[in-house]
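Number of protein chains: 2
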Amino acid sequence: MVSTAEQPTPAKRRGRRPGGQDTRAALLEAAREVFAEHGFERATVRAIAGRAGVDAAMVNHWFGGKDALFAQAVLKLPVNPADLIGEVLDGPVEGLGERLARRFLTVWDATEGGSFPALVRSIASHDEAATSLREFLLHHVLDKVAAGISTDRPALRATLCASQIVGMGMARYVAKFEPFSTADIDTLAAAVGPTLQRYLTGDID
Amino acid sequence: MVSTAEQPTPAKRRGRRPGGQDTRAALLEAAREVFAEHGFERATVRAIAGRAGVDAAMVNHWFGGKDALFAQAVLKLPVNPADLIGEVLDGPVEGLGERLARRFLTVWDATEGGSFPALVRSIASHDEAATSLREFLLHHVLDKVAAGISTDRPALRATLCASQIVGMGMARYVAKFEPFSTADIDTLAAAVGPTLQRYLTGDID
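Same order as they appear, the protein sequences are chains B and R.
Position 150 of the first sequence, counting from 1, maps to 150 under the numbering used here, and the rest follow consecutively.
Position 173 of the second sequence, counting from 1, maps to 173 under the numbering used here, and the rest follow consecutively.
In short, the hints are calculated from the structure, not lab data.
You may find that some hints are simply not true.
All copies of an identical chain are treated as equivalent in the list; a pair is satisfied when it fits inside any one copy or across any two copies.
In silico lysine-lysine, BS3-like type, Cα no more than 27 Å apart, as pairs [what the hints assert, rightly or not]:
| id | residue 1 | residue 2 |
| --- | --- | --- |
| 1 | Lys176 | Lys144 |
| 2 | Lys76 | Lys66 |
| 3 | Lys66 | Lys176 |
| 4 | Lys66 | Lys144 |
| 5 | Lys144 | Lys76 |
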């Protein structure tokens, strides 16, 4: 499986047949369109590849699958969600909330918020974009985290986490609330971690 | 001071001189423009009234002041922030977080999210809109709440609260994460209240 972060730089554009980097860029653009039109679940790898005019196998070759393509095309995250979940779940359960907060902040900060403001504009404007984000974040990230530990009401817990995680992104990169916007990750992970921990494993009544 | 929620219905539009409801509508529109251009702090009542072509006294007459005009024009909240702060602070300090969560959800739900998605589009697109919201929410709502109790790092605590409150709005009205989006207010206030309580009065290290 090809890592999504560092791609080998393919040969320069030569002639009309799309080179590797062209294929990759075409897939990213097609993915953004198809996910926005159909939501995450109903968008198929075949439809995305068809829109890009390349073979469906190219999605696996360049991105490793639909989840990672969504993460990179729509969320602009240079991370395969499966890797992210693995990292967050790896460690004592009582540190889960802090690892989750730290991981999101680290990935976002590395791209200076990445496309978070653009993503927010998109979900505030287009129902299907909101559907995509919802399906992806809940069913492909937080549900898996919540399922990794066993508690009651996993869906409510996952959405409580989502509310605080999206709120972190809003406070830090969109509304830029000071000092949240410029505080170091350690400070924020220490403050927000226990919130996510309680939402995932604690008393929410 | 005139309540912002129920206004006496003024006489019907007659001739060219703006009647009461026209004055009020003109002030709301002018306020949205001036707040968006200058941010909350630098926008003056005089400038807003001038843009609307009415006397500055009309702002106090119709809205009771700049805070309430901002709340109604920009946040589309039918609430005077001073009243909101009073209600939230009124009661035992250990229930502050839950009252804060409940008050926001109640006000938002009453207007089906009000302009929350429009506000989010605006702050994601225009820096000055983000500045307005930041200044207003922090300096006119949360700072006053945080100052009503005495703790270390009130600004960080206020922005931590802001992150979770904005995240509630995003989860419920914009991204519409289920079941957060349709859960009853009691359930959400019970789950989110302790988060706000800890951010305001508890251990955040």
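Hint check results:
no.: 1; hint: Lys176 <-> Lys144; result: between (30 Å within a copy, 19 Å between copies)
no.: 2; hint: Lys76 <-> Lys66; result: within (14 Å within a copy, 39 Å between copies)
no.: 3; hint: Lys66 <-> Lys176; result: between (31 Å within a copy, 23 Å between copies)
no.: 4; hint: Lys66 <-> Lys144; result: within (16 Å within a copy, 47 Å between copies)
no.: 5; hint: Lys144 <-> Lys76; result: within (21 Å within a copy, 37 Å between copies)
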